[in-house]
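Here are the chains, one letter per residue:
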Amino acid sequence: KAGVTQTPRYLIKTRGQQVTLSCSPISGHRSVSWYQQTPGQGLQFLFEYFSETQRNKGNFPGRFSGRQFSNSRSEMNVSTLELGDSALYLCASSLHRLAGVNTGELFFGEGSRLTVL
Amino acid sequence: GENVEQHPSTLSVQEGDSAVIKCTYSDSASNYFPWYKQELGKRPQLIIDIRSNVGEKKDQRIAVTLNKTAKHFSLHITETQPEDSAVYFCAASRPSGGYQKVTFGIGTKLQVIP
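Protein sequence lines correspond, in order, to chains A and B.
Counted the way my numbering counts, the first sequence spans residues 7 to 123.
Counted the way my numbering counts, the second sequence spans residues 54 to 167.
So here's chain A without its partners, still in its complex pose:
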């Protein structure tokens, strides 16, 4: 079974540009969540999608957005890039994460490392 796949793995952008990152979950997984990883800040939750609907959202500005397609693949977009957006963006998929029903182990991708110059 293929794991979670993220593309691109590395990218360099300049301030003010926008970027789109892609995540293909494990086959059969319907939940996809996104995290920003920076040194000293750990894994900060961006948002989670299930069945093409955003179910939860973290405390990030509106420049960060995402969506999920009918095949569960997900994309996240960051507009008007800032230097502080440089980070490793991790996507994670899980089978299902209904409250109180299943805890839902997260399976992470290898991440997309974004550098903003």
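Bear in mind the hints are in silico, worked out from the structure with no lab data behind them.
Virtual Cβ for every residue (Gly too), placed ideally from N, Cα, C.
A couple of the hints might just be wrong.
Said to hold, decoys possible - Computed, partial: chain A to chain B, Cβ under 10 Å: (1) Ser37; (2) Ser39; (3) Tyr41; (4) Gln43; (5) Gln47; (6) Gly48; (7) Gln50; (8) Arg61; (9) Asn62; (10) Ser100; (11) Glu111; (12) Phe113; (13) Gly115; (14) Gly117.
Said to hold, decoys possible - Which residues of chain A face chain B? A partial, calculated answer using Cβ under 7 Å: (15) Leu49; (16) Gly110; (17) Phe114; (18) Glu116.
As the list claims (entries may be wrong) - Restricting the straight-line Cα-Cα distance to at most 30 Å, the calculated cross-link-like pairs of lysine-lysine (DSSO-like) are: (19) A/Lys63 <-> B/Lys162; (20) B/Lys121 <-> B/Lys162; (21) B/Lys95 <-> A/Lys63; (22) B/Lys95 <-> A/Lys19; (23) B/Lys121 <-> B/Lys111; (24) B/Lys124 <-> A/Lys63.
Dock chain B against the given chain A, drawing on the hints supplied.
Quick look at chain B alone, frame taken from chain A:
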């Protein structure tokens, strides 16, 4: 919202010694506490987890304890080996909008010295 504090941020131990990482959470609704290990340049992977109705869980050299009253949980690694060197993240998961929302701690970089 939930707040998860994790300490220490870095930890160095001699091979064979034990390592303990502690986390506290703020939301009493949190009911699931996973631990993830991230080796250098690799993706985080689940190593052990515990539900709120359990006080302790062991898996070979790794154990996790949970004190719901005090809202803290800990990861214990015994007989540490060089391959245990990694960043460890604790997390607290709670119901939110009908789904489980996960909040991670800041991570602990564990170095096992041969």
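Hint-by-hint comparison with the structure:
no. : hint                  : in the structure
1   : Ser37                 : 8 Å, holds
2   : Ser39                 : 8 Å, holds
3   : Tyr41                 : 8 Å, holds
4   : Gln43                 : 9 Å, holds
5   : Gln47                 : 7 Å, holds
6   : Gly48                 : 4 Å, holds
7   : Gln50                 : 8 Å, holds
8   : Arg61                 : 5 Å, holds
9   : Asn62                 : 5 Å, holds
10  : Ser100                : 9 Å, holds
11  : Glu111                : 5 Å, holds
12  : Phe113                : 8 Å, holds
13  : Gly115                : 6 Å, holds
14  : Gly117                : 7 Å, holds
15  : Leu49                 : 4 Å, holds
16  : Gly110                : 6 Å, holds
17  : Phe114                : 4 Å, holds
18  : Glu116                : 5 Å, holds
19  : A/Lys63 <-> B/Lys162  : 27 Å, holds
20  : B/Lys121 <-> B/Lys162 : 25 Å, holds
21  : B/Lys95 <-> A/Lys63   : 25 Å, holds
22  : B/Lys95 <-> A/Lys19   : 23 Å, holds
23  : B/Lys121 <-> B/Lys111 : 18 Å, holds
24  : B/Lys124 <-> A/Lys63  : 24 Å, holds
Consistency note: the structure conflicts with none of the earlier hints.
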